[in-house]
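A.B. asks: Residue numbers (this note's numbering), protein chains in the order written: chain F, 97 to 765; chain S, 4 to 285; chain L, 13 to 326.
Simulated from the structure, these hints should not be mistaken for lab results.
Careful, some of the hints might be misleading.
As the list claims (entries may be wrong) - In silico DSS-like cross-links for lysine-lysine, where the CA-CA straight-line distance does not exceed 30 angstroms: (1) Lys466/F <-> Lys245/L; (2) Lys19/S <-> Lys139/L; (3) Lys562/F <-> Lys576/F; (4) Lys180/F <-> Lys245/L; (5) Lys450/F <-> Lys426/F; (6) Lys245/L <-> Lys225/F.
As the list claims (entries may be wrong) - Calculated Cβ distances over 10 angstroms to all of chain F for the following chain S residues: (7) Gly57; (8) Gly70; (9) Gly224.
Unchecked claim - To spell it out: a stretch of chain S is covered by chain L in this simulated footprint if at least three of its residues, at any positions, have a beta carbon under 8 angstroms from a beta carbon of chain L; those stretches are: (10) 111-123; (11) 134-140; (12) 213-223; (13) 236-246; (14) 263-274.
Note that this is a predicted model, so its numbers are computed, not measured.
For each residue, glycine too, the CB sits at the ideal point set by N, CA and C.
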Amino acid sequence: MSEHLLEIKHLRTVFRMREGLVRAVDDASLHVDEGEVIGIVGESGSGKSVTMMSVLKLIAMPPGEIVGGEAVFQGENILSYGTKSSEIRRVRGGGISMIFQEPMTSLNPVLTVGQQIGESVMLHLGYSKAKARERAIELLRLVGIPDGESRINYYPTQFSGGMRQRIMIAMAMASNPKILIADEATTALDVTTQEQILELLREIVKKTNTALIIITHNLSIVARYAQRIYVMYAGNIVERGTSEEIFCETSHPYTMGLLKAIPRLDSDKSRRLVAIDGLPPNPAKKTGRCPFSERCPYASDRCSEDVMPPYIEYSPTHASACWFRPGELKSTRSDAAEGVLSKTVSSEAILELKNVRKYFPVFKGVTRRKIADVRALDDVSFSIYKGETLGLVGESGCGKTTLAKTILRLYDVTGGSIIFNGRDISRLPERRLRDVRREVQFIFQDPFGSLDPRQSAGSIVGEAIKAHGLAKTPEEYTRKVDELFRAVGLDPALKDRVPHEFSGGQRQRLSIASALSSEPSFVICDEPISALDVSIQAQIINLLIDLQAKRGLTYLFIAHDLSVVRHISDRIVVMYLGRVVEISPWNELYERPLHPYTQALLSAIPIPDPVVEKGRVRTRIEGEVPSLINRPDGCVFHPRCPYATERCRHSAPPLQDYGNGHQAACHKI
Amino acid sequence: MNDKTKSFFETLFSRKLVIVSALVILFFLLCAVASPVFATHDPDKQNLAEFLQGASSSHWLGTDQYGRDVYSRIVYGTRIAFLVGIFSVIMSGIFGTVLGLLSGYFGGWVDNVIMRLVEAIMAIPPLILALALVAILGRSTTMLTVVLAISNIPPFARMMRGQVLTVRDLDYVSASRIRGNRSLVTMLKHILPNCLSPMIVIMTQSIGNTILSEAALSFLGAGILPPTASWGAMVNDGYRYLTTNSLFALAPGFAIIVLVLAFNIFGDGLRDALDPRLRGAL
Amino acid sequence: MAKYIINRLLQTVVILLIISVIAFSLIHLVPGDPVYAMLGSEIPREYHDQVFHTMGLDKPLIEQYFFWLGNILKGDLGYSYYFRQSVAEVVANRLPTTLYLGIVSAVFSVILGIFFGIVTAVRRGSKTDSVITVLANIGIAMPTFWLAVILILIFGLNLKWLPVHGFTLPWVNLGLSVRQTIMPVICMSVGGIAIYARQTRSSMLEVIRQDYIRTARSKGLKESRIIYGHAVKNALIPILTLIGLTLRNSFGGSAIIETIFNITGLGQVMVMSLNNRDYTTLQTSLLLLATVTCICNLLVDIAYAYADPRIRLE
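Chain F with its partners taken away, still in its complex shape:
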């Protein structure tokens, strides 16, 4: 009889792929006790999900195969059960439940939520249909969905993303499991919704004494919610410890690297992010030695030995798989601590938005009669000054991408003016936009969708040079393309490759090079790092900061992650449902947020430091961002605002100045 609720010992899972044997999980051991909350952190491909999926035998077999180890759950090695055996099925959903990342696709679209929840109840608790229905209604109430009696007959499509994730939780909890696994369960959600779901999970597991395993790439989340943490890298658990041990007595170079690579809400902004060099290893080419050694700044001869370093135990809970203790680590790379390059911000505006409105018409009926407008942008006014970085944050539906596309004139404006370098470009016809197109450029979020898969890297980067006739001779063209490659840290020899031969980070570099090729003065970056792995994000942020200083660029930096925006921006604009709710210099925003929405947004973002987290006072808001079609009257935020009064329901507050260039739109300040 094992003393732990679930103990995984030396688990090894491989996938037999065409390119070779992929060792997805390589000798991983972990355990969880009753009622405990643990976190498994790692980047994509680190094996964090595969570990738990292997335990439940949910990986695709073949090509997957569990080649070693055991998983003891309540005294039984569940790895010995057959994939389709009734024993493993009793564990799945019965003893150990799982919720997944994509709420939009994880529920069956053609069955009602009642049927889907009830199914689990009937299966594992042996309830009758009527009793299962009652239990389903009760579960919906438990996860904060009111009016369960009627909602139980709804289909998943009738719920928002956050609601669907609540339904997933209800379903997972239906059979009173001992362990609940949340596999990136909040990654696809808005920041404020993410917080609500995580809080809900924490409450539920506490109430029911269920153990919770949070699998995530987000270090900050585990800092806030997990008691113990396992850090995974390339299939190995490289460090384990309590939350405090991981964050305050960090021992493994990879964990240290991660912590230095992510911007924090409370950090000193002059600190340059320290990027982890290189790329995560190709799991098909994994050798026996420490998988991080190629990227480790402290790597020495010992690290190239073809064996995995043994765990050094610092405490009964804390251990790290490194040959060295933190004090013995000596950096072998000249870590030339480049300071942040200085840049100059002028007081002259490069772009002014005046009451910009963008409405999308809603048509109804067969006659396509227009019945309403979706106000994606409503009276948006602000300026961007030459040389600065203006951060733009907000959750889904706030209009940040619409605003970018409107400035780029991919959309026609409905009203207001966009003044670029003193000229109103909001109504220029396409043929007169050419010089604006040269000056204003765009970096896309998704490095996989924004590069034409059939063009070579060189021609993607050189496209704008050709379109604007910026090179007189073929030699000049080649020289310019090569320069651009070097400017973004790519080898010009890679010019003939096609995009899919590059990694995500490299593709984002290509995208940046392509945006810079027409020598623009103003670049809009639309979530340029959110599709990248944590260890790559810092590389791109640093690159963007350097390029700005070298080329005198002005950025409009769009993101949903306030800590990143705060790190890179001089001023920050916060938007909600198409309206600007607050504009603030970066340093004031965290210390003195004025708008209740900004306050909620800030407190929803965890800080990767459990000590700081425990001391934080947090503002929490209810509900989710409503759909633009049901946009509230008055102040758009009032249905979720804890301070809303009658006045907020009827009149929309204008932006008011509170000194220092700090503006907010709220009646209550």
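Fit chains S and L to the given chain F structure using the hints.
C.D. replies: Frame of chain F, contents of chains S and L only:
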């Protein structure tokens, strides 16, 4: 050969069946090009003294009602199958691609007009449409090719339009506009090439079907004019004499099955290699 | 949902109008004088002029179209000089036969095809899967008329089990009707069965990869429950759209099957009128079959919208 091309051929020929089907197609193509080499008799030469004979060493598959050698006529029939099958598919591929591209890229009334027309034509059973078109255009090999091409245009245009609609909203198309390209450049350089592989797949998969339609029309007497050898017409002639020489009707049908099967399997292989996402599509 | 149905209804009307224009143009696109083309150039001049006038060919084209369309809507489908009776009479006797054969074979295609599709998807990689998949490929590649010839040779001529021609509606003489229908229905449904089997199989395999199947599996459901409770319904929704296509092809295929088995249906009429240049009949049959197909498509689309809550609840 770069990595992409290499992996394309690796996937394409990873299944034995695809290799076999490619070889079968090549063999039939050889028969079409070098028919006189493979044939044992002049396919059109009548010999009424030897009519409707069973298989023998001089006539491997027997003779037809005019005493012509069935085997040699099947060999020459490959020509019509390839000619009509491939040319009509190429023709409809070109028209379908252009119409779909216009419809998808411009949208609005252009799209409305083209799509309603496409749907109207698609509501008419293809064989009936072909019969009606034969009535108008008359009977000849060229016209038959045109007729079969017309009935293939609507599904091709629809496929292309769907592709364009997907690709049109992708970031790299917006990127092309932002980088300063004119819309014609965007359309031809970024949208068109990225829509082509599913078109190539659906075209390959349609060749088999077109050969079947040609045979069906010829069987109904609305296809190839006699005395040119066509497999469909041979079955039609042959089934009146089932009891005397059943090979006369059965053998050309067998040839149709083998060639169509080869094209279909090759098309599936091509689909898997070029665009695995299409696996569920029609 | 109501909005969706009205929308589709209007679209169908537009499509039918376009088809009517196509059908109407048929007679005018035939090279030469339509009356001579139909009746032969050796008919007397007066007869020609009389027919020319009766058919309204001396009026302006637009007027002719509306005159023709108006007549059709009133039930006057014109006169067939080949069959020597009104087209309405020609069609009335034959349309039920074609519809009957088309629908019966469509039902067989759908039921058997989906059954084989599910079996092959559930047992993918097994012997059953390989055998059925190979048969389905052959089924698609096989010309209908050739299959008919083989069936006639075996069951009609050699074994003499089944009659090789003729058709009787089931309510007239059930036993004879069944015996006469077996071979035509087999010929008309083989291709359909093959297509449904292939499409169902790939649709099932697609659905099995979806996230919600992983969810179902993580709940500890039995494999059979996952397949029949979660996967099949999702997989069959796209298959529904194929039904319109199948009916369309069945109606088209009737031209061949009815000719071979000597069944007096609309398909046979069309082949006969083509061979005898009876364009009035050809034009009307074309319009009729296309209309039936359009209505079937409409019904299928409504069923589709009803089956998929994502559309129904919009």
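A.B. asks: Please flag the earlier hints that this structure goes against, numbers listed from lowest up.
C.D. replies: When the structure is compared with the hints, numbers 1 and 5 turn out to be violated.
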